[in-house]
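Here's the letter readout for the chains.
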Amino acid sequence: MSTRIAKQGRLIDRSRPVTFTFNGKPMKGFAGDTLASALLANDQVLVGRSFKYHRPRGIVASGAEEPNALVGLGVGARFEPNQRVTTTALFDGLCAVSQNHWPSLEFDIGAVNSALSRFLPAGFYYKTFIHPRAFWKYIYEPVIRQSAGLGKPPKEEDADRYEHFYAFADVLVIGGGVAGLMAAKTAAEAGARVLVLEQSRHWGGRTPVDGGEIDGMAAEDWIAAVVSSLKSMPNVTLRRRCMGAGVYDHGYALGYERLTDHRPGTEGPRHRLWRIRARQIITATGALERPLSFAGNDVPGVMLASAMRDYVVNYGVAPGQRVVVVTNNDDAYRTAITLKQAGVDVLRILDARPTGGGGLMEEARGLGLRVDCGRGVAKVSGGKRVAKLAICAQEGSGAALEEIACDAVAMSGGWSPVVHLWSHCGGKLDWDEAAAMFLPDVARPPVGADGAGFVQTAGAASGVLSLSEGLADATQAGRAAAKACGFKAKKGKLPEVTELGEMPIAPVWLMPASASDELRAKAWLDFQNDVKVSDVQLAAREGYESVEHTKRYTTLGMATDQGKLSNINGLAVLSEALGRAIPQVGTTTFRPPYTPISFGAMAGDARGALFQPVRHTPIQDWHGPHGAEFEPVGQWRRPYAYRRADESLDGAVMREVKNTRQAVGILDASTLGKILVKGPDAGRFLDMIYTNVMSSLAPGKCRYGLMCSENGFLIDDGVVARIDDQTFLCHTTTGGADHIHAHMEEWLQTEWWDWQVYTANVTEQFAQIAVVGPKARAVLERLGGMDVSKTALPFMTWADGSLAGIPVRVYRISFSGELSFEIGVKAGQGKALWDRLIAAGDEFAMMPYGTEALHIMRAEKGFIMIGDETDGTVIPQDLGLNWAISKKKEDFIGKRAQARSHMTDPTRWKLVGLETLDGSVLPDGAYAVAEGVNANGQRNTQGRVSSTYYSPTLGRGIAMGLVLHGPERMGEVLEFPGIDGKTYQARIVDPVVFDKEGEKQNV
Amino acid sequence: MSEPISALNGARFDGIARIAEAGLTGMITLRGDLASKPVKAAVAAVTGAKPPGQGQISFGKTGAAGWMSPDELMLFCPYAAAPALLAKAEAALGRAHALAVDVSDARAVFRVDGAAAREVMGKLFPIDFAPGAFEPGRLRRSRMGQIAAAVWMEQDGGFGVICFRSVAGYAFALLKEAATPGSAVGVY
Amino acid sequence: MTRYSAFAVAREALSYHTGWGRAWRAPEPKKRYDVIIVGAGGHGLATAYYLGRNFGITNVAILEKGWLGGGNTGRNTTIIRSNYLQDSSSAIFEKARSLYEGLSQDLNYNVMFSPRGCLMLAQTQHEVRGYQRTAHANALQGVETEWIGPERVKELVPIINIDGPRYPVLGALWQARAGTARHDAVAWGYARACSDMGMDIIQNCEVTGIRRDGGKVVGVSTTRGEIDCDKLGLVVAGHSGVLARMAGFRLPIESVALQALVSEPVKPCIDVVVMANTVHGYMSQSDKGELVIGGGTDAFNNYSQRGSFHHIEHTMAALIETFPIISRLKMLRQWGGIVDMTGDRSPILSKTPVENIFINCGWGTGGFKAIPGSGWAFAELMAKGQSPLAEEFSLDRFTEGRFIDESVAAGVAH
Amino acid sequence: MLILHCPYCGVSAEETEFAPGGEAHIKRFGPGASDEEFRDYLFARENPKGVHFERWRHAYGCGKWFHAARCTVTLEVFGTYPAQTTEPPQAIRDAISAKRPGWSWREFE
Ligand SMILES: Cc1cc2nc3c(=O)[nH]c(=O)nc-3n(C[C@H](O)[C@H](O)[C@H](O)COP(=O)(O)OP(=O)(O)OC[C@H]3O[C@@H](n4cnc5c(N)ncnc54)[C@H](O)[C@@H]3O)c2cc1C
Ligand SMILES: NC(=O)c1ccc[n+]([C@@H]2O[C@H](COP(=O)([O-])OP(=O)(O)OC[C@H]3O[C@@H](n4cnc5c(N)ncnc54)[C@H](O)[C@@H]3O)[C@@H](O)[C@H]2O)c1
Ligand SMILES: Cc1cc2nc3c(=O)[nH]c(=O)nc-3n(C[C@H](O)[C@H](O)[C@H](O)COP(=O)(O)O)c2cc1C
Ligand SMILES: [Zn+2]
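Going line by line, the protein sequences match chains A, B, C and D.
The opening position of the first sequence corresponds to residue 0 in numbering that gives the first Met the number 0, with each subsequent residue numbered one higher.
The opening position of the second sequence corresponds to residue 0 in numbering that gives the first Met the number 0, with each subsequent residue numbered one higher.
The opening position of the third sequence corresponds to residue 0 in numbering that gives the first Met the number 0, with each subsequent residue numbered one higher.
The opening position of the fourth sequence corresponds to residue 0 in numbering that gives the first Met the number 0, with each subsequent residue numbered one higher.
Pulled out of the complex, with its shape left as it was, chain A reads as follows (with noise of 0.2 Å):
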């Protein structure tokens, strides 16, 4: 019987009831438990099921190494799976459901696994389920995939926020127990910014519960002092509830903080991620204590021994009454003392040790406890719950010698220190033979951006267990983080501590040490993921042998707890199958995060509205109302089309292509790139930038440019209007504003930084609005304020002047063939003339157009769109540009690439409109079949389609492509399959469909 006692329970307020529901079953516990405390404290021994074997599982740990709990926490748009019971704060309303059984935790079909688990061990799937093919798929798989998986998945978006934080220190202490204290008081008290982040709630980690005395005070009361003089200090900032979930380069880590976890709904942030930049990084992050590999260890009572102490000492909970110890080590004896005072029967303590311990295992003997020594367990039997245990010598193949009737067993094999943020920016490990742990070795830590070491362990995560030398330790490595920040650390007293000594450890991998194979194939070693002894064995024997193939083929140390429990038991074992030393079969690589972080801490405030920046123009907010259905274009949202109340979407394109057309459209063209560059050698620089010739571009005049990447790609084109002498204002495509302005300074930069030239990026400064069409000229002589008659301002030149009072810059310029004004002007009165200008428009029937329309009326122009007719591997020649291409530059970027043996290729693909033969619209993207298949079956293919619409002008569809030898098959006719099963015949044209010779844009 697991229960709650009278006495102890340190953590726990017994003035505050709670009440929570498991299963649905009401339950109760007091503020400060653990759902781990509580549900031990309700004799609620079953939480779960593995995950191969669906095997029972209880509750084997009291912190963040627990592999077996895990609950289904919350309701609804707050439920979240896997949450591990031993670190999940207990709050009135708390609602947790059991996970991975069916149709009960009680009754669960998949346990007939456990009774089948012979014939399914590690790896069986690799060598079943291959025939016949097509069952994997359909059979197999769906039943594989449903019996594994954990918890079941929330349904409802997260109700909650995240954030997260830049934290700067020069000393960041993970782990708050006594070394983490220590550390930082050292560093702090030299002088160094000290950032303190434990992971629970509590100040002080395992050593109020281990005992100890430290300068004269009980330790709780030591680390009390400590606390408070961190806290008076303001070079110093402690956090708790917050996690270093990872150590990345040059002193980059994450803390982890749960803010509301313990009272889900309140105010603020659930999770804030804490981004911090240290200089020196000590991770004080204790050690943790390893099960013993026995047949039935994983029979829920069975459970580590510190963990047990734990539940006694914190929460005042016994997890058993009659409970048998089972120990390698000193440490263990400290639970059976605990237990013992008070009152549990402790029946037995076995030490495998063939002479057992120290002062400890007399002080045991003292209250009247039986220790046996050389002993351990040769098997624990009992369904849901331990009922008996049977005891072997440890040196032997597990015969039974006695068996005992009890129902809880703590167990003890050893610690390993906590290396996990040491190691995961590269920190190396070292095993030390006596102490059978893995320790950080110091003379291999992970190192910075100065190439010197960046980290230190203190404490317990050093593999120094004694209080004392743990303390000594800790000192030492806050002088040397202080030092190595260029702070002197006082020399301090170190604290005065009266603890026990304690006997060595005496390795064991294996209970017995010869145990039987049918006792291997009951000893666990990953409980969760329900991996044994006899697993790794098999491992090795089939070739396994790195211990990553172990890992890998097992799946050893793969589940939610990443192998806090499982991985060096695993590894010896796997040492010991292969005959190698432990060092040479060595540890798997350890990852951040140190437990699993919610994704909603990762992505931060990036969701919903923050997701990505949405950019506006200046006139942005009077589209939507207007009826504008957007696209996204890079991060603007451009009205595609100005749908009205009775239309289609479709509809209103054609209306406002026909619009523009015969009246007057209006474009809000403010994304267009506009960048500014000045200087004496500005003209010889455009000219290395564009292709065709700039710098002899007149003042007032415009000119159309293109623009190649070195690798002779055309990357963005544009028109250019040369305000002065020096300065030219280059226009680029939306997508180019950013790029292109990076592309020129890089250029600047890095090339030609002798070249007198500055630019600036002026896309934003202005809103561009283009009015086009028959009466656009109309429109602006309603508005007045200049003159914008054909011989003041003719085509392809720019004037300065001002429409209805607000100062704007004119361009003569036009995508659509049509008479059209582009006109700039201050962001800040964009909106302002944008209204002036719907105004004036109504008497011309003016209407806003969107970029649907531009792109079919360039198209009907025969004008190239980038990133239509272009796609990163077209170059200008084969869309017919070769006029802007200047042939006597010597040089410009793109042009040596242009002279490869494929881009002077013949058979290059080269740009011709197309018609289809009954009208229709070509499907986008299809390709043009030729005879044949090639070498790899595949059918030829002698061109493709780059866009195509429908055209309302023409009252057809019009299509633009690159085609094989294109414009000199001119009223050829090809073939295009559609995906849509029809094919289309197409019959090659001059791309310009529309006004040829120029004379609607010309007037």
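What the hints contain is simulated information worked out from the structure, not anything from laboratory work.
Every value quoted in this text rests on a predicted model; they were computed, and no experiment measured them.
Not one of these hints is a red herring.
Derived pair list, reagent style SDA-like, types lysine to any residue, alpha-carbon separation capped at 20 Å:
id : chain 1 : residue 1 : chain 2 : residue 2
1  : A       : Lys894    : D       : Gly31
2  : C       : Lys230    : C       : Ala382
3  : A       : Lys981    : C       : Glu145
4  : A       : Lys894    : D       : Glu35
5  : C       : Lys94     : A       : Val932
Following the hints, position chains B, C and D with the ligands against chain A.
Frame of chain A; chains B, C and D with the ligands shown alone:
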């Protein structure tokens, strides 16, 4: 003539810090040899301030000058005066190789004040805002959430932030989120 | 070698599985081999396998500096698809995919190829056009793909948010016969089959030098001694630059870290592979239940097998936007692999400036899916001096400007 | 998550403020260059496992390009310097030599 408007027309929010769009602000990008006489003269002409040192913003009678790069300053001045001050700057620059351009409308400016202002900034910029590490007169160009932004501390301890106009809405929402009630970090 | 079957497992169960033999031998290196393959990743092992199976060349050693399958083959997100745009890409990836379909039977090792289907979401007009183009190309290449609308996407992946708000799902390119496989098993299955043909897989054997006689290779120096060979295949992914340097040439390759992560396991909630390239995130669920998620690449040269964390933050933001229910799930583990990125992001299967040295590399972020096809083609190239599947992937293309650019149709290379 | 020192701003900032730009000190070949020279200029890369000279831009900061000498294995940064130079400054080379005796990178050592 029509009254110009700033990107968010002076939006405000009160949370653990006060966030306000500063409204119309005159801004001139000045590129040139920062050590040269003409550039110094242009800075003085616009702001009345001395050219700022690396990573600094210097305050003058008519405005402030922020260090943006080794060859670029951002000059702040009253919005309405910007065109005239730009002309003055150009006059001061004379024939020197330099570029001065009015970018008042291309940017949005925010003020962040209050006890938790440092923390609000610390949630968004990868910068150390601890007292002592970031003090009045300091200016840093960096990243705020997912956008480029510059942040400085005013003489009164409040923060100024500028970013591009098109992302003003995002910037404001981001600052607002970082200043949500109940989200104080409690470190500065 | 014992054949694997349910029957064999049952028989072994009686003796507590103590009767199983090694999946592959652990031989000492011989003095000389006809062919040495450097790198026991999926591509190296598959090359060796098809050298033996298709060309009867079995005097082969595969040298591996660490443990076989421990490179990118052991750390990728296991997506297998062949809906590529360019003919040369889709040919080799489709060859690979079709070999994957029967690989468990070929190798007598269950590689758990799971043809669950792959969705590539289109979330901008540009992507819509790009994927429609790919669908057209695939139809002519003999690759079964389908352009589907948002409702169908929702049916296939009920947990997806197709309504944006930022990037609504406008449709998707769907390849029903794409899927995933158990990555380790692919390496192990090939290794077992190679070993069974008498080939030597030599682990913990790092090649430290390449010995040439004139312009021709004669052998390699390794941490386990010198070994001679007639032909040498370099199949070392992220380490290609290092090996090329030993052989005296440079490659159009940069090695960068690509990251991945898994969640804690949950019951099945997503049955297909989803790639959302506009927002940069992709996700599938393994048979064990973890969500398998690909992170971003650092753009700087990196051999550390660790990446920068901010990429993962962006990935998670993108995936929460796409699958809002995952926000309360947790990251279990993250890791990195060193991927070999070429100048056009397409692989290299080629002869090299040194006679009888062949190179197979540049698979970058997307070569797991290619393993059987790449091995098939590279074996042919090494055995016969040419291979139609490998033809376009030669090194010459960088001189001629003949790039194979897959990014053009809004695709990425995973 | 690297920290890099921008030689222009004088600040050490985190990687997310910067944009990497590949190998440094590559000489441009234009018209007149041979096919091989041009190919190598565009594509052939050192890609060393060890000391590397590379380009970075302080994209979210001053916008300037600079160079870094960095180890691609340990990620140690030996130093950064302005991009307006065709070869690594002596001080940087000395700093590398002190830590990686016998290093070489292309024609530099
Ligand atoms: C995070 C991540 C996610 C990915 N996701 C996908 C995906 O979803 N789908 C997909 O198709 N692809 C994916 N890829 C890419 C894919 O993993 C690789 O393209 C593929 O595994 C490469 O296989 P390989 O055999 O060429 O290389 P590797 O598996 O890396 O093998 C190369 C081997 O060479 C060895 N080696 C190196 N140097 C030497 C030496 N000097 N001597 C001896 N041996 C040496 C290495 O130790 C290594 O074992 C991903 C990659 C990563 C890193
Ligand atoms: N005698 C033995 O066998 C034995 C064994 C182990 C421990 N001990 C005792 O344990 C104590 C060790 O003190 P200590 O301070 O070194 O260790 P500790 O275990 O007492 O404290 C470590 C602290 O770090 C925290 N922590 C661990 N990982 C963390 C992370 N990633 N992020 C944030 N916090 C994290 C833990 O919650 C804990 O509070 C001593 O009293 C020692 O005597 C004794
Ligand atoms: C498809 C896939 C699924 C994985 N699933 C798990 C898992 O369930 N548990 C786990 O701990 N690691 C899992 N991993 C990660 C591996 O443990 C390991 O991190 C990865 O293979 C890289 O190796 P390394 O971390 O040893 O360098 C998975 C890896 C891959 C590629
Ligand atoms: Zn800078």
